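Colleague: Input sequences plus hints: build the corresponding full structure.
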Amino acid sequence: MSLSAEEKERFLRALEEDKVFRYSVMGLLGFKELLDRFAKLEERQARLEERQQRLEERFLKLEERQRVLEERQLSLEERQQKLEERLARLEEEFIKLVKRVNVIETDLKEVKRIVGRTRRDVGVLTEVVYSRMVWEELREELKERGEVVIKRRRNFIVDNIEVDLLIETDKAIYVVEIKIQPNHHDVNNLVKKAIAIETKLGKRSVPVLAGVWIGDEVRQYAREKEVKVLEY
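Residue 387 in this note's numbering sits at position 202 of the sequence shown, and the numbers go up by one each step.
The set of hints was computed from the structure by calculation and includes no laboratory data.
Nothing here was measured: the structure is a model prediction, and the numbers come from that model.
Hints are not guaranteed to be accurate.
EDC-like cross-link-like pairs, simulated, lysine to aspartate or glutamate; straight-line CA separation at most 16 Å [what the hints assert, rightly or not]:
| hint | residue 1 | residue 2 |
| --- | --- | --- |
| 1 | K328 | D355 |
| 2 | K336 | D306 |
| 3 | K413 | D401 |
Label pairs and their computed distance ranges (CB to CB) [as the list claims (entries may be wrong)]:
| hint | residue 1 | residue 2 | range |
| --- | --- | --- | --- |
| 4 | L245 | I280 | 51 to 59 Å |
| 5 | N373 | V309 | 21 to 29 Å |
| 6 | E255 | K294 | 31 to 39 Å |
| 7 | R271 | W398 | 49 to 57 Å |
| 8 | Q237 | S189 | 24 to 32 Å |
Note that the Cβ used here is the ideal one computed from N, Cα and C, for glycine as well.
Modeller: Here is the structure:
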């Protein structure tokens, strides 16, 4: 709405001449400015409230994340504690196991010592018994063939060569090895010993293999090597 020139002139004259009117107009103008400022303030307030709402929402999310993290941390701490307890129990069991193993090793050493001594004793006893049996059997054969026994020695040693039994007659030397279960290697060793003793003593040697369990292959191999076999 626009004013005419006359209306504008009357309005300006009224402002100059009428003090009350002038103040009223000034008041109206100030109120409008205040309303504008209030409107701007309300807009700013609304924006601030929105920002505050967003901040509160973010804060709530942060609190929720923190709560979840604290729960996870607590769960991890509980799991770590359980693992430490299991580790402690395993360490205790390991220490006990080591002690048991040490005891077993000590016992095993003692058992091995006893077994070794027993085997030596049994070996000596076996050698004595079978040496006697071989001697009795060969003595009859030698007597029938008219051979005269010059000497008989058990565990005979010459030039680091040891045999279980050596029987020397006026015609030959009988080199006897006694094995519970002889093999091809034992046959070869016996032949080598017999040859060495024959060379050393200068008299024909006869290798004799005595055993308890002599397989057919070993028996045949011994005969091929001209070894006399006695099985008991």
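Colleague: Honestly, which of those hints from before does the structure not fit?
Modeller: Structure breaks hints 2, 6, 8.
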